[in-house]
Each structure stands twice: as structure tokens, then as C-alpha cells.
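**Student:** The lines below spell out each chain.
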Amino acid sequence: MARVEMKDVSCSYDGGMTYALRNVDMTMEQEGRYSLLGPSGCGKTTLLKIIAGLLEYTGDVYFDGQNMREVPIEDRSIAMVFQSPVVYPMSVYENLLFPIRREKLASQERERRVREISSILELDPILDAPAHKLGPADRQTVALGRALIKEAKIILLDEPLTSIEAEKRLVLRTKIKRIQEEQHKVFIYVTHDQSEALTLSDRIAVMNEGRILQFDTKEHIYEHPAYLFVGYFMGSPGMNMLEGKAKKGMMDFVDFTLPVPPDYEEYIGRHEEFEMGIRPENFTVSTRKKRDFIPFYCMDIQEKGEGLRILYLTSKEKRNELKAVGTFPDIKSGSEVWVLFPAGKIRIYDKESGKTVL
Amino acid sequence: MNKRSSKQLLGRTAKVIFFLLVLVVFLFPIYFMTITALKTRSEIETRTTIYPHELNMKNFREMTRGPWKRAIINSIVVCVSSVALCLPVSFLAAYAFSRRPFMGDIHLYFWLITNRMAPAASFVLPFFAIYTNIGLFDTKLGLLFSYTLFNLPLAIWIWMSFMEAVPKEIDDAAFLDGFSVWRYFLRVFLPVLKPGLITVAVFIWMFSWTEMMFAVNLTAVASKTLPAQLTVTVMRLGYGVDWGMAAAGGTISIIPGIVLVIFTKKYLTRGFVPLRRL
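The listed protein sequences correspond, in order, to chains A and B.
Going by numbering that gives the first Met the number 0, the residue at position 56 of the first sequence is 55; the numbering climbs one at a time, nothing skipped.
Going by numbering that gives the first Met the number 0, the residue at position 216 of the second sequence is 215; the numbering climbs one at a time, nothing skipped.
Since the hints were made in silico from the structure, they are not lab data.
Residues from chain B that keep clear of chain A, each with C-beta distances beyond 10 Å, as calculated:
{"no.": "1", "residue": "F17"}
{"no.": "2", "residue": "F31"}
{"no.": "3", "residue": "R40"}
{"no.": "4", "residue": "P51"}
{"no.": "5", "residue": "R60"}
{"no.": "6", "residue": "A83"}
{"no.": "7", "residue": "P194"}
{"no.": "8", "residue": "W242"}
Capping the alpha-carbon separation at 30 Å, the derived lysine-lysine pairs in DSSO-like fashion look like this:
{"no.": "9", "chain 1": "A", "residue 1": "K6", "chain 2": "A", "residue 2": "K152"}
{"no.": "10", "chain 1": "A", "residue 1": "K6", "chain 2": "B", "residue 2": "K167"}
{"no.": "11", "chain 1": "A", "residue 1": "K354", "chain 2": "A", "residue 2": "K247"}
{"no.": "12", "chain 1": "A", "residue 1": "K174", "chain 2": "B", "residue 2": "K167"}
{"no.": "13", "chain 1": "B", "residue 1": "K167", "chain 2": "A", "residue 2": "K152"}
{"no.": "14", "chain 1": "B", "residue 1": "K167", "chain 2": "A", "residue 2": "K132"}
{"no.": "15", "chain 1": "A", "residue 1": "K184", "chain 2": "B", "residue 2": "K167"}
{"no.": "16", "chain 1": "A", "residue 1": "K149", "chain 2": "B", "residue 2": "K193"}
{"no.": "17", "chain 1": "A", "residue 1": "K132", "chain 2": "B", "residue 2": "K193"}
Among the chain B residues that face chain A by a calculated CB cut under 8 Å, a handful are:
{"no.": "18", "residue": "P166"}
{"no.": "19", "residue": "E168"}
{"no.": "20", "residue": "P190"}
{"no.": "21", "residue": "V191"}
From a predicted model like this one, the values you see are computed outputs, not experimental measurements.
Ideal placement from N, C-alpha and C gives every residue a C-beta, glycine not left out.
Isolated chain A (complex conformation):
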């Protein structure tokens, strides 16, 4: 059991003029796979370094209920893998051995642990090579091994795949995934790449401008983004966003109107302006006019891969643009199409704060 709890944690690099992290409250209840996802500069690495004890902060961080403020980094039961692959100028074997050299273990036991980690990570063939002369992918694998051998309760991974060449990235990603499945620890993975976050974690904290916008299971974040930003950031392409106004009990988008979904009737009754979000894969698109379908014009079609296509749609008077994702076998670029907005998939956000209104 390892529980990581943050209460009102803030951090500024310039003595309070700007904040890299603002009033973060977050609890990771138990061992599991977490990720901090957000654009660069959103504070995710800062948050990770605070958990590691590498940065000054205000607020409190607790591990299993113990306040970590006075606990030195080497006693935190933490291991970390950095964005740039860090190895010590020694052999791969010595690198792996280094973090456990102080533990009171029989030398055979140490040796056994090094061998175990090296076989999991497939480092056996290069065990005697000088680690600092290896390529970035191998160096990062060594760094990962060094993090795992400590038997720390919490493993922090700070964009470990970013500086690895593309073809080796997938191999390393698979290794990380396998380790996560075998070792029961808290894994906190920092990334700006949502596909990494989706593969390597169960719960995702989406961050922007020093705040955690939403911390939830990946399915829930995808289905019910708490903020427009989250909806737009997660998914490729991201959520469609349309500015709407309440008019005569309908949602008005200048050149078309939609009925108000039952869940939002109360909010739209009270607010004139709002933002509507809807995922691109939630539309039904038809080549023929049907009841409740809205006419659009298909400007362009792009292949998304795996048989899926992205339609770039614009409304009658070109006031609204949409992206729709699906197989769409009979839609042609430059033609008129009819689009159905399923009421259950429509999400309404506050125009000012971008926050969900439910």
C-alpha cells in the first residue's frame, strides 16, 4: 500500500511572480498506474519533482499519511526516470548495482537482483559495456533498470520516451508496460502524449497552466471531460467546440438549431451563452436528408489510418466547423451531407470558465 496525497501544493520558480503549480490537491489512493498529462509548461514535471523531493514547494505532500517535507530524497522510497537518459560513467552492471549498494544484502542477493532486472529488461548482452557509451534507448533502459532495482514504492517516469528514436520507442514502451503489470507499485508517468498516457496508465490527471483540471479514469475523462480544454486535448482530433445561445427553448448556433438535451435543460434555461462540445466519432453522417439531421458541407477528407477517415465539415453559412471521424464509405469530398448530433453525447460547458456545467 502506498498512498500519495498532495494538499494545496504550489510552486514558483521566481519567488512568487509566476506559479508553475497552483493549489494542487490530488490523492493517489493505492498502487496503480497514473499519468500526468498536459502540454509542455503545464507543471507536470514540476509536480513530479515535488513528489520526488527535488524542488521547494508550499503546501503538503504525504506518503501513507506521513508528511514528506523533512524527509530527505534518498529516504523517500522513490525512483525516477528522467527525460534525458541518465546513466553513471560505469558499466551497465555497476549502474544497476549502484542504488542497492547501501542496502544490507548478501552480495549473492544483490547479484541476483541485478541479474533479475537485467533479464526483464533484456540488458544481459550489454551488462559489461560502459553505460555512458550506449545509444539513448539503451541508456534509458539502464536508467529504468536502476529505478526498478531499488524496490521503491513509487516509480516516477518523466517523459522517458521523448528523447528516444521513434523505432525504439515502442520497444521500450512495451517493456515499461510489462514491468507495470509485473510489479505492484505506484507508477506516475508524465507525458504530453495521450497515446502513452492511455497505454501506460489507468487514471490520468490532465493538467494545464499549473492546475489539475481533471483526475479520473481514462474512460471517464474521455467520455465526460470536466473542461473544454480536457476534451480538446484528449483525443485526436479533439472534441468539437461550438459556441451556442439559448433561443426559444432551443440551442441556437446561428445557422442551425438543436433541441436542448434533457440533462442540460435547467442550465440552458438560466444561461444565454454556453459552449457545446461533442466528440468527432459520435456523429451519424448520411448522404441523404433525414429527420433531425442537420445539413453540412464536406470540405475535405483525410485518412486517419485503420480504415477511419476524418471529415472536415462546415455548416450552411460557414458559421460552424466540425470534424467527424468514422469509416464513412460513401461520403465524398465537396458534397452535401446530413449530420445527426446524438443528444446523449452532447456536453455543455460554461462559456466563461470552460468548465462542465453538470
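Got chain A sorted already, so can you dock chain B onto it with the hints?
**Tutor:** Relative to the frame of chain A, chain B by itself:
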């Protein structure tokens, strides 16, 4: 032999001849200095010969005793102590500047660098005045201090350029793995910075070995270094220039440079080019 390979052979011969010529141009002064030291005084002063007709070891024998011996020892002592003092001090200073931001660090660093921009001559008179008052005139300690003024900024600057190329994450990783700062220096940081260490040491040594402005003006007899002693050969009144001695002293004075360059060329040529990221 076909036409092409004969053409190649011609090209290669031309290349060899060209480089031999270049070598002669560069090596001849050194050769001429060395053989001049081996000539007799009358041979030097009566005709120009390209090899010593009569071998004379007197000049080199002179190097092993009296003022020359003392000058060589002084030079070595000042150089070794310069390296011993400046290398660790500049390393720690550069580490602080590059890794531990503190208030006014940029200004302090800039001030240090500007020390290197003033000519040595502008420091000589103040140094002379102060040294004669506090008893540092004509001491090796006095020379060491004055050299430090010039050695430290350059050394810090070179260290910095090497340190900037080492990702800061390696510090964080080492502290997470339980290294103390000193163990981290010894086991990780210095091994990574070995080319920097060698470059800095060579630069400190060579500055201290070749420095003349301070050496001539802040010493009299006991602490003369080799460059200062060399000037004596030109200035002996009523005796003319002692070419033989000047050549022998000159020959001795270029030896450390040659040795250093041979052993550290690999690191020096990499020099200030930022390192391959670790």
C-alpha cells in the same frame, strides 16, 4: 602501370612533398634554436651554420645549476601550485554558477570574467606596491596569487562550458540514488567531465609557465621563473646577447608544452566544442 594509378602516385608524392615542406618551415626554428644551444659562442657569432661544427654542452650544463636551475624549479613549483589551487577552486565555483542559482550569480560571474579582460600590465604596479609592503615581493606565493587572478576566470569559464553540456538530471538522479555531493563529484561528475578537467589543467599550467609580465616585475632573484630568467640573457651589460644561453633556456622552456600537447591533444581539440550529451 596504367594511367590512373600513375596519376594517383604522382598526386600522393606531391602531397607528401608539400607536407614535408610545411613541416620544415614549422620545425626549422625549433631545430635552429636547439642546435644554437649546442654551438660554441665563437661559432654562433662568426658564421651561420646549420649544424654545430663543434659540439658544446656548456650551455645545457649551465641549465642544471645556479640561477637557471633555480628558475626552472621556481617555474615548476609555481605551475604545480597554480594547478593545485585553481583546479579545485574553479571547479567548485563553476559548479555553483552552473547548478546552484544564487542571488547575483550572473553579476559575480560577469565580474570574474572582466578581470581577464584587463591587460596584465595594469595590475603590475598595484601588485608591486602591495607586495613590497606586505613582504610578498620576490616570493613564489606572490606570483601564485597574481597568476590566480588570471587563471581563475578562464578556468571557471572553461569548466562552465563543459558542465553546461552535462544534463542536470544526472545530479537529480544521483541524489535520488543516495549519492552525497562529494561522492557524486568523485564517482559521476568528474569522470564525465574528464576532458574538461584536462583542458582546464593544461590552460592553467600553460598560462603560468609562459607568463612574463608578473614574473619579471614581481621578482628579483630568489623567485625568478624561467621566462624571467630568459630575459637576463639579453640584458647582461657589456656582454652582448648570450645567444647560446638564450637558445638553451628557450629549448628547455618549450618542452612542457610539447609534452602536454602530445598527451592531451585528444581532449584539447575537442576543447570548447560542447560535449556529446551524456
